[in-house]
Structure formats: structure tokens, C-alpha cells
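Undergrad: Can you build the whole structure from these sequences, using the hints too?
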Amino acid sequence: MEYEVGKLTEQECFARVADLFGFDAKDLEAVVLELRATLPYDPQMLSVFRAVKRTPGVKVKVVLITNIPQGEYRALRERWDEAFWSTFDHIVTSGEVGVRKPSLQFYRHALRVTRSSPQHSLVVDDRPENVLAAMSLGMRGYVGTDSIARVLGNFTGDPVERGLAFLRKNAGKLYSTTEDGDSIEENYAQLLILEALNDRTLVDLQRPPGLWNFFSGRPKYTSQKYPDDFDTTSLALVAMEYEPEAAHPILDEMLKHVNEDGLVPIYFDKSRPRVDAVISLNTLVAFGKYGRGNELPEMLNWIEQILLHRAYIYGTRYYPSPEWFLYYMSRLLTHSKDPVLSERFEALLASRLVERVGVVGDAFCLGMRLLACQSLGIQNHPDRERLTSIQQADGGWEPSAMYIFPTAKKTVGNRGPTTALAVKALLQAAQ
1 MEYEVGKLTE QECFARVADL FGFDAKDLEA VVLELRATLP YDPQMLSVFR AVKRTPGVKV
61 KVVLITNIPQ GEYRALRERW DEAFWSTFDH IVTSGEVGVR KPSLQFYRHA LRVTRSSPQH
121 SLVVDDRPEN VLAAMSLGMR GYVGTDSIAR VLGNFTGDPV ERGLAFLRKN AGKLYSTTED
181 GDSIEENYAQ LLILEALNDR TLVDLQRPPG LWNFFSGRPK YTSQKYPDDF DTTSLALVAM
241 EYEPEAAHPI LDEMLKHVNE DGLVPIYFDK SRPRVDAVIS LNTLVAFGKY GRGNELPEML
301 NWIEQILLHR AYIYGTRYYP SPEWFLYYMS RLLTHSKDPV LSERFEALLA SRLVERVGVV
361 GDAFCLGMRL LACQSLGIQN HPDRERLTSI QQADGGWEPS AMYIFPTAKK TVGNRGPTTA
421 LAVKALLQAA Q
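For the sequence shown, position 332 (counting from the first letter as 1) is numbered 332 according to this note's numbering, and the numbering increases by one without interruption.
Hints are computed from structural coordinates only; laboratory data are not their basis. Some hints here could point you the wrong way.
[Unchecked claim] With a Cα cut of at most 25 Å, we get these calculated SDA-like pairs of lysine to any residue:
hint	residue 1	residue 2
1	Lys-53	Val-99
2	Lys-270	Glu-298
3	Lys-225	Pro-209
4	Lys-61	Tyr-73
[Unchecked claim] What follows is a list of derived Cβ distance ranges for each label pair:
hint	residue 1	residue 2	range
5	Pro-320	Pro-128	29 to 39 Å
6	Val-258	Gln-379	36 to 46 Å
7	Arg-74	Ser-147	26 to 36 Å
8	Pro-406	Asn-294	30 to 40 Å
9	Ala-408	Ser-117	51 to 61 Å
10	Asp-126	Val-360	16 to 26 Å
11	Leu-427	Val-258	50 to 60 Å
12	Ser-271	Arg-207	25 to 35 Å
13	Glu-260	Arg-200	33 to 43 Å
14	Arg-74	Val-357	19 to 29 Å
15	Arg-200	Ile-378	22 to 32 Å
The beta carbon of each residue, even a glycine, is placed where N, CA and C say it ideally should be.
TA: Right under this line is the structure:
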């Protein structure tokens, strides 16, 4: 350490180390000289740095900060070519500064000589103690070099603009896929995108004359004849513009299928009486939007009990994440605009959402959680930071595990809704 900050000469360092480990100082010097002569740099890493500096509309400085004694630094300057050194706008070494990372003095010096503000600076280092020290001064930090192109792109780019660019580039082609890559043509994901961003150009949707079906193409991983369903129909009634005279007959048809418990089934098919809590809640959102939430009192009571007892925590048969239920609860309050309903549910929902802040989840979970929190004015910095950090290099977010085909045990995701919800959440967080 003393050698790295210039308090020992090279020969003094060799002598101390040789004495400590019991071997000849000249042998140690020979090994070090051989390492100097063969030590390579990573050209792929340099290409990442250069690409970041070419980011349109963003002025980026790349600074090399390293613990290295002056003698070693001079040797590397001679060994490595200008292609390496010209990549960096500044180079700050421990031998020059007289202190080493993770000293706070080192980072303050680096900020001063590069004329950088902490909040606009990112430190990438393979040692967590070095990153911690930098972050304690208000800098951003990342430990490791894996996915460095994504990390730097997320730091320098606008996540909302990059997300929107991804959606526009892939408009009409945002298909759902199983975890093993099988494509599924379905309406539900398209409706989620439409509701989030209200941009019809991003989706491929054909509005039916009446009820909706989950599948827009051939059904997969289920029966070949798949009935129209409450879930997709309810989401369409909220996400799309329906005139009241078109919406109310559909709601009337739904009421014909209410079971003995006062709950709606999943399908418009009385031979399939299965019930799902998220789908029931989604149906309530549609009824609430058209001022008819009071027509399903038993279902509303059931939803309240689920929320009260945290029965959503393990997900449902079709929706694996608890965030589905909490996000749809927030949609119920948003679309119903019923003060009585708000008084009944807001405080309880808020407490349940606070419990979820910072819980590990994929990008789709985080987007839903952030939107639900925002609807009630709950600050959620940890999940916003996490969501921003996992944006992919192409501007989109991962497909995530959105829903399940339980019979076939297939998990389905779609980068479109995941990205749309992330964009909306980050856009609202910035406002």
C-alpha cells in the first residue's frame, strides 16, 4: 500500500516483500518485470467506453482511476499503445494523488481535477469497498464488469426515451413467448401496452363486435376451442375507447354468469366455472369504470378480504406475482373514481404496498409495483432505481414471468408490456 502511494521506492518494496516471504529480491524483481512485459488490456472494454462517448446528445467523460505506483504506471504507459490511453479523458492514480482507493480523499481529488459533480458520476469497480466509498460522496456505483455496456448505457441514456424507442421499433411485433421461446399470438399483452401508454400505433389489435378472447391466433397449451373470457374483455373495456351503449350490453352479459358466491368465472362458458381472484378484480375495474361497481357486492367483499388477509401473496393459478393483485387494486381505485370505494380501500392498499417496497421482483413486477405506489402517492426509490438499472442495451426490459398456462406448466412473458409499464412508471416518477 505504501508503494502504491509513493511512500516506498520500487527497490524498497521488492526488499520488504522478499524479506516477508523469504525469497531473493532479485527473483521477485524478475517476476514483476516479466508480468509488466506481458500484461494485456481488454480491447472489448475499450470499445464499450468509446461507444458510450459517442452517445448522441450526451457529453460523456471516461476517467481511469486506479491504485498503481508511479513506476508501474510509467511502465504501462510504455507497454500499452495510444489506442488504450486515448480512450480516457483523465487518468488519476494513487501514486499521483498520494492516497489510494477507497480513501474519500482520492475520490474528492478525482472529482475536482475532472470538474465532475458526484450526482453525474458513475464509478465501476470490482471491489465493493471502493464503490461504497464513492457512493457515500453522492456518486453512483456498480460492482463488477459484467453487463458493463448495459450499465453504462442506462447511466448515460434517458430510460424513458430509450424504452419508447424500443417499443416504436418493434411496434406490432411485440409477441408473447414461453420460457422456451415459443411465440403466442394473444390480445392481453397488447391491451396492457395500450392501457399503459395509450398509443394505438404500438399494438396489433382487432376489436371484435362483442366479447374478447385471450388468443388472437391459434390457441396453444390449452383446448383447441378456447372460449371468450372475462379477463381480456374487462381489460379491453378499460384500455380501449368504448361508447357506453357498446360497453353496457357486455357488462350485462357478464352479470348473467355470476355464480352462487356472487363471483364471475373466467370464461363465458358455463361448463368452465373456474374463478381467479385477479380476473375477478379486473372485472370489477371494468364495472367501476362504467359506474356499475355496486352491482357485484359479494365480489367486492371477497376482494377486500383477500387484501386484508394478504391472500394474494402467493399469486393465483394464472398470475404468479402478488403485484398483479395490488396493481389491479390501484386500477380499481383509479378508474372507478368512487370516493366511497377510495375511503374503503386506500389506507389498506397503501399499507400493503409499503410492505412490498424493495422486495425482489422481475421488471414486470417492479413496473406494476411502482405504478400502484404512484397512484397513492407512495415514494418508492429502491424499486425505481432497480428498474432503471435492469433496462437492456436495446432500450427494452426483459419479458418477465407475466402469466402461466397451468395445464402445460408454461410461463409466458412479453417485452412489450414489461417495457410499457416501466416507461410509464419512470415517466411518472420524473414528473
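Undergrad: Which hints, by number, does the structure contradict?
TA: 1, 11, 14
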